[in-house]
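Chain X is already provided as a structure; the job is to place chain U on it using the hints.
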Amino acid sequence: MGLPPLWVSNRKEVFPTSAAPGNTLVPVTAISPGARAYQVAAEPSLRVQILDLGLACCALEVGSAIATGLLVEIEGSVESGELAEVAEGTSQGVGTTILLISGTITDALAPAVLRAWEQLPEPKAAVSFGACANTGGPYWDAPTVTKGIDQVVPVRVYVPGCPPRPEALIAGLLKVRDEIVVA
Amino acid sequence: MTTDRGVSVQAHGVIALTASACTSCMICVRECPSWCIELESHDEEVSEPGARRPRTVSVLDAFTIDFGLCMYCGICVDLCPFDALAWQPDFDYASGSAAGLVQGISELESWQRGPGASTAISDS
Numbered sequence: 399m400g401l402p403p404l405w406v407s408n409r410k411e412v413f414p415t416s417a418a419p420g421n422t423l424v425p426v427t428a429i430s431p432g433a434r435a436y437q438v439a440a441e442p443s444l445r446v447q448i449l450d451l452g453l454a455c456c457a458l459e460v461g462s463a464i465a466t467g468l469l470v471e472i473e474g475s476v477e478s479g480e481l482a483e484v485a486e487g488t489s490q491g492v493g494t495t496i497l498l499i500s501g502t503i504t505d506a507l508a509p510a511v512l513r514a515w516e517q518l519p520e521p522k523a524a525v526s527f528g529a530c531a532n533t534g535g536p537y538w539d540a541p542t543v544t545k546g547i548d549q550v551v552p553v554r555v556y557v558p559g560c561p562p563r564p565e566a567l568i569a570g571l572l573k574v575r576d577e578i579v580v581a
Numbered sequence: 005m006t007t008d009r010g011v012s013v014q015a016h017g018v019i020a021l022t023a024s025a026c027t028s029c030m031i032c033v034r035e036c037p038s039w040c041i042e043l044e045s046h047d048e049e050v051s052e053p054g055a056r057r058p059r060t061v062s063v064l065d066a067f068t069i070d071f072g073l074c075m076y077c078g079i080c081v082d083l084c085p086f087d088a089l090a091w092q093p094d095f096d097y098a099s100g101s102a103a104g105l106v107q108g109i110s111e112l113e114s115w116q117r118g119p120g121a122s123t124a125i126s127d128s
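Chain order of the listed sequences is X and U. Take any residue in the first sequence, count from 1 to its spot, add 398: that is its number in our numbering. Take any residue in the second sequence, count from 1 to its spot, add 4: that is its number in our numbering.
Facing chain X, from chain U, some residues (calculated, C-beta under 8 Å): (1) G10; (2) A15; (3) P37; (4) F71; (5) G72; (6) L73; (7) Y76; (8) F95; (9) D96; (10) Y97; (11) S99.
To be clear, the hints were calculated from the coordinates, so they are not data collected in a lab. None of the values given here were measured: they were computed from a predicted structure. A virtual CB, placed ideally from N, CA and C, is assigned to each residue, including glycine.
Extracted from the complex, chain X is given alone in its bound form (with noise of 0.2 Å):
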């Protein structure tokens, strides 16, 4: 098995060469290329769309949950709604989408990680995976990086780790499962 299409797509994406010079904000399109469906394979009725933004060194460890087999990518439709957890008859939290926010967030990024969320159809929920995005992690005191993404957007969900193992991230996906069918 080779790297996840996700992981390779968000890296050639996200860190253009060429492109972006000075400030430019980079276009979300170019870092959000859609949510897509998993597989929680510890728990195979939790099935979740994630929006991955994978902005530094943590999506390494989104790609390892993928390429582990701790998520399954399946095949479905985004839009439908269809995929997500199905809990004890209830239908809370159905179709959520997550957005999963890992890596380094700079204030010239930020506003692109803002537009990817309000893209987001609802329900949602934001997820912060690993230090940077929890409060700046080791970068709290440069200038250009957001001291957490949650003064961007929502955070239903804080992982702890620099990074946080692949098992953290299915870890925090359950979390969020609970908060969302459980509250």
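Relative to the frame of chain X, chain U by itself:
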């Protein structure tokens, strides 16, 4: 060796504190590259029978690690002269709020392995 969650027992998942071993020396706080550790202490005089003068000891009042900031470099664990800090393989402590990633003495101590620890270790 892996835990029952399938990760290596040596995984750098979380940093556990043994508060009784901490002397409030502040080395971890000063050397942390992310400045994610906070420590408060006060001095107390301890008189012992037969001693010429009372000893002054530091008493730990508060110790917090902000795992939202932590870069998991382990410098604090390596530098602690009294092994009060140790890596543990737990990873399942995602929080619904950024403040929820700030852990105090009781939470940091709860990560210690010992008899009755919640995460069993297997040889697989």
